[in-house]
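Trainee: Protein chains in written order, with the numbering used here: chain A, 1 to 304; chain B, 1 to 304; chain C, 1 to 304; chain D, 1 to 304.
These are computed hints drawn from the structure, not numbers from a lab.
Hints are supplied without guarantee of correctness; some may be wrong.
Claimed, not checked - Below, computed lysine-lysine pairings styled on DSS-like, alpha-carbon distance capped at 27 Å:
(1) Lys213/A / Lys58/A
(2) Lys158/B / Lys178/C
(3) Lys158/B / Lys5/C
(4) Lys158/A / Lys158/D
(5) Lys294/C / Lys5/C
This one's a predicted model, so the numbers in the text were calculated from it and none came from an experiment.
Protein chains: 4
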Amino acid sequence: MNYQKILDTIHSEMSYRDVGGKVASYIPELAKIDPRKFGMHLYCGENQHYGFGDSEEKFSIQSISKVFSLCMAMNIMGEDLWERVDVEPSGNPFNSLTQLEQENGIPRNPFINAGALVISDILVDHLENPKEELLSFVRQITGDADIEYDETVASSEKSTGFRNIALVNYMKALGNIKCEVEPIIDFYFHQCSLRMSCRQLAKAFMIFANKGKVLENGEKIMRPEIVKRINALMQTCGFYDEAGEFSFEVGLPGKSGVGGGIVAIHPERYSVAVWSPILNEKGNSELGMKALEKLTTLTGVSVF
Amino acid sequence: MNYQKILDTIHSEMSYRDVGGKVASYIPELAKIDPRKFGMHLYCGENQHYGFGDSEEKFSIQSISKVFSLCMAMNIMGEDLWERVDVEPSGNPFNSLTQLEQENGIPRNPFINAGALVISDILVDHLENPKEELLSFVRQITGDADIEYDETVASSEKSTGFRNIALVNYMKALGNIKCEVEPIIDFYFHQCSLRMSCRQLAKAFMIFANKGKVLENGEKIMRPEIVKRINALMQTCGFYDEAGEFSFEVGLPGKSGVGGGIVAIHPERYSVAVWSPILNEKGNSELGMKALEKLTTLTGVSVF
Amino acid sequence: MNYQKILDTIHSEMSYRDVGGKVASYIPELAKIDPRKFGMHLYCGENQHYGFGDSEEKFSIQSISKVFSLCMAMNIMGEDLWERVDVEPSGNPFNSLTQLEQENGIPRNPFINAGALVISDILVDHLENPKEELLSFVRQITGDADIEYDETVASSEKSTGFRNIALVNYMKALGNIKCEVEPIIDFYFHQCSLRMSCRQLAKAFMIFANKGKVLENGEKIMRPEIVKRINALMQTCGFYDEAGEFSFEVGLPGKSGVGGGIVAIHPERYSVAVWSPILNEKGNSELGMKALEKLTTLTGVSVF
Amino acid sequence: MNYQKILDTIHSEMSYRDVGGKVASYIPELAKIDPRKFGMHLYCGENQHYGFGDSEEKFSIQSISKVFSLCMAMNIMGEDLWERVDVEPSGNPFNSLTQLEQENGIPRNPFINAGALVISDILVDHLENPKEELLSFVRQITGDADIEYDETVASSEKSTGFRNIALVNYMKALGNIKCEVEPIIDFYFHQCSLRMSCRQLAKAFMIFANKGKVLENGEKIMRPEIVKRINALMQTCGFYDEAGEFSFEVGLPGKSGVGGGIVAIHPERYSVAVWSPILNEKGNSELGMKALEKLTTLTGVSVF
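Assemble the whole structure, with the sequences as input and the hints as a guide.
Mentor: Structure follows, in structure tokens:
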């Protein structure tokens with residue numbers, strides 16, 4: 001498969017002009033991003049890297065980071081994790097308190113905000129230095145020490161994150177949060193502030209296309225049956241209340257973030273990341289979704 | 001892969017005694033089924049059939065039939081279909097009026113009852129003899145003329161199906177139903193009353209693992225890009241509000257029915273059907289889900 | 001109290017020009033009404049009638065009729081009635097299926113559509129000729145034989161009333177409807193089609209201000225403790241999801257209809273009806289509510 | 001009317017043995033109360049006091065205090081108050097986040113927790129020493145300096161009040177809270193911790209039966225039109241999601257608290273308070289409601 005040629009086709013046929021959404025505006029740092037940014041990177045084997053555009057520029061990965069913290073929590077808790085968070089699509093906007101109320105404080109899945117906050121609680125509870133350990137984990141699977149939190153973004157979200165603080169307090173009232181509110185929120189916003197490029201994201205997510213092992217050095221990060229489940233979760237829950245649409249159009253497991261990034265994987269074939277900061281009304285990168293649909297259409301293969 | 005050996009392992013290690021749910025009771029005909037029934041059939045290539053137990057006994061396929069009528073509606077309407085029904089997981093019990101009310105009469109997906117009733121409306125609207133044509137379609141893709149409606153089940157559901165009648169009237173009030181209520185309901189309950197064996201279901205669903213072609217004679221039924229989308233829909237919406245759980249545990253696209261049947265496919269590998277009438281509280285065959293989980297665990301492969 | 005002077009003040013200070021809503025449009029017969037119509041009638045003792053404007057012109061009383069059928073059902077069922085319908089404000093738009101679903105088919109109160117349909121079911125179940133008996137009852141308490149159904153309105157609503165048909169079927173599925181759907185709906189739409197003038201409504205509702213007796217002849221229609229409860233229901237549930245607003249602004253028990261009528265009573269003082277067909281977004285007569293607020297402000301008394 | 005005789009009848013015919021609910025358990029101080037406590041006090045004119053049982057023992061008035069803070073907020077804000085809180089019955093349990101989410105942070109009424117927290121925000125925003133000023137106000141209208149906060153109850157609620165903290169943060173996210181979270185919560189829990197006897201409550205609430213004036217010294221506290229509105233709010237919203245039931249059975253405006261107190265008024269006749277700590281499943285004093293129903297049945301008058 002000539003992946004570079006396919007990516008070049010996508011690059012030449014698509015641009016930010018084709019989409020009508022808006023850059024995320026709820027924190028000033030995200031609102032400042034140039035809406036014309038567009039990059040994509042596909043990684044499919046040792047030293048097999050293909051990309052275009054702004055694929056090496058770092059951006060705020062936001063909710064994509066929830067996959068990393070979920071891996072760490074699964075490694076710590078094993079199957080017990082699923083007593084505190086479910087594995088079903090949410091069917092509601094990504095920050096719904098309503099659903100949480102109806103379901104007694106058990107978030108619908110680990111990728112909605114409530115679920116990611118429970119995961120944060122677990123990591124804060126079990127790890128000595130959760131922020132440092134998350135950074136180490138991401139650097140390890142990416143094989144790249146040049147990944148950092150963006151403290152400006154982290155504090156900006158923290159100062160306005162009343163809804164997330166409400167979620168943590170509410171789940172604490174319902175008995176599903178153990179630690180203090182402050183360190184959970186601090187960890188959560190730092191996690192979301194991670195800055196990575198498409199190339200780094202594609203490298204990091206290769207473990208999900210490679211049965212849990214770092215491709216370049218064979219290091220085992222997770223057992224294959226855990227990888228299968230994380231992929232299943234990305235397939236059914238990775239795109240807020242647009243997971244069905246992404247499955248339907250793209251046909252790959254993936255995860256998006258309000259920074260405009262999307263990463264997707266085809267097990268045993270490749271991992272791919274795309275970045276365009278213009279979001280549709282569901283909060284997913286509009287151009288990113290189209291680019292990935294084009295990718296699976298042009299390659300003619302998806303998991304389905 | 002020695003599929004027969006894997007199926008034999010499943011057969012010997014699992015039985016109806018392992019599960020604690022109940023046979024569907026809302027219509028007398030389903031309530032009468034022997035809860036000990038258990039059969040499974042895997043089909044992976046011309047004349048490559050593997051099975052055990054009651055795999056050749058016919059049962060009421062119920063909601064599994066929704067995949068057949070969806071295929072017909074997609075062939076008739078093309079992309080326009082998606083203006084009348086969405087492709088997102090429901091996140092609510094399979095017959096929720098609440099969600100429909102919140103979303104102006106557009107059902108969340110074609111596999112919840114409301115969505116299947118819109119599909120029924122489309123077929124009743126466009127086809128001369130919708131019941132006969134559905135039967136022909138199913139016989140054609142199965143390569144088996146011995147498939148019939150169960151008139152007793154159809155009338156039994158019809159006489160007590162007030163909730164479905166409510167759904168059709170409600171969507172008519174919201175402008176998403178065109179035909180009269182009576183023929184839609186008549187078609188819907190006939191479709192659900194189809195009787196097929198695991199072997200027949202595995203043969204019928206092979207088109208979804210074979211890019212839209214009947215395996216045995218190469219006849220093209222649907223275009224591959226439509227097949228990809230139906231598979232995506234089965235993955236995210238095929239199990240009522242347990243779609244995430246099925247993806248998570250089994251990792252294949254599939255569809256269940258309250259008759260206790262489940263069919264799943266692994267694209268380009270196999271299609272498989274299992275039957276055990278004892279349902280869990282979400283309305284899916286409890287033993288069926290366990291058997292399929294065992295299958296992907298023992299084979300070591302799933303779409304993820 | 002010089003009621004005529006107070007009414008004259010209301011008449012001179014208020015008109016349809018002061019309000020910005022719309023005449024009900026969902027059935028053609030209601031949409032045709034002249035939006036400038038405005039009438040009011042207050043009745044406070046034998047031959048003590050005060051009014052202005054179109055107070056003697058008949059209009060479609062719509063949901064105001066629900067109070068009449070409730071009286072009949074209470075006389076038939078006594079306390080048992082409350083096993084089939086609750087007495088709480090709905091907190092949701094007047095035709096909500098959502099709430100019904102959450103509460104197992106028990107409507108929140110007898111004045112939302114679902115509740116009124118349960119009342120219809122009861123009357124159809126217990127009475128030989130429910131439509132005739134309702135008419136007799138209304139004529140009896142009004143002391144006026146010149147009250148009729150409007151067959152055009154009744155059939156017009158019936159032919160488009162899919163949402164109400166949905167409600168009845170849905171409650172039948174949940175076990176709270178006993179009769180066939182057709183006669184219930186037929187009765188319901190006839191009841192809503194009753195045509196009465198403000199003067200007739202004020203006379204009819206005097207029984208609720210007079211401890212259950214017809215003022216002019218002393219005939220006992222209902223026991224005082226039942227009257228107290230109907231008044232309480234009008235106070236908390238008489239105005240769809242604007243009951244709080246009406247209590248807050250007007251401070252009297254009352255009932256509105258989408259034909260633009262509102263009737264209210266002050267126990268042991270008076271009953272009053274007002275008509276202006278322009279509705280606010282909650283479905284209540286905008287000018288009618290303002291006129292009644294003015295009335296309790298100018299008289300200086302309300303139940304509070 | 002011989003009120004003492006009526007109260008004696010209630011006392012002799014009713015006791016805690018007739019009810020099957022439970023004392024509030026969510027804070028230790030409330031859980032410790034003797035469930036056999038039962039007192040009632042009616043006040044209907046200068047020096048006209050009638051009572052029985054534990055009517056002079058102080059208890060935690062909890063949500064009854066929301067009427068006092070509402071009065072203060074209405075005196076400060078006037079009509080502008082209603083831009084920040086609505087006047088409709090909630091139709092949902094008293095601490096529902098769901099409804100708040102659907103209605104953009106505007107609480108349904110000032111007596112549900114969310115509404116009372118907005119009132120707290122207003123008082124904290126406008127008053128120098130809100131806790132002291134509330135205490136002064138309550139002492140003034142009661143004509144009794146012997147009323148205090150219970151610091152143990154206040155801190156006990158504060159340490160476990162995650163749900164209320166969630167509510168404030170959530171409304172802050174939605175733009176309906178201006179002050180810091182901490183002082184709002186501190187004021188709110190102090191307000192709820194007020195300890196008063198039935199006699200004191202009856203005296204305090206006499207202003208609502210006396211057009212806004214302190215009965216004993218004629219001091220004007222509020223304008224009559226504001227009193228009318230507070231009474232209307234108590235009538236439609238004073239009993240969580242059981243307001244309809246209370247109106248229906250008792251027929252008076254009133255307010256309950258989870259400490260087991262209920263206070264009700266009959267405009268221009270009397271104010272009455274009752275205390276029995278056993279709550280029904282809606283959180284209202286079971287025996288208290290029965291006693292008040294008996295009162296309006298035996299007196300034969302209610303506002304309806």
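Trainee: With a cut-off of 27 Å on the C-alpha distance, tell me whether Lys294/C and Lys5/C pass.
Mentor: OK: Lys294/C and Lys5/C at ~12 Å, within 27 Å.
Trainee: Assess, step by step, whether the Cα of Lys158/B is no farther than 27 Å from the Cα of Lys5/C, and give holds or violated.
Mentor: violated, 62 Å
Trainee: Under the criterion that the straight-line Cα-Cα distance not exceed 27 Å, is the pair Lys158/B, Lys178/C satisfied?
Mentor: holds, 17 Å
Trainee: Holds or violated: are the alpha carbons of Lys158/A and Lys158/D at most 27 Å from each other?
Mentor: holds, 23 Å
Trainee: Would the pair Lys213/A and Lys58/A pass a check requiring their Cα atoms to be no farther apart than 27 Å?
Mentor: holds, 24 Å
Comparing the model with each earlier hint shows a violation of hint 3 alone; every other hint is respected.
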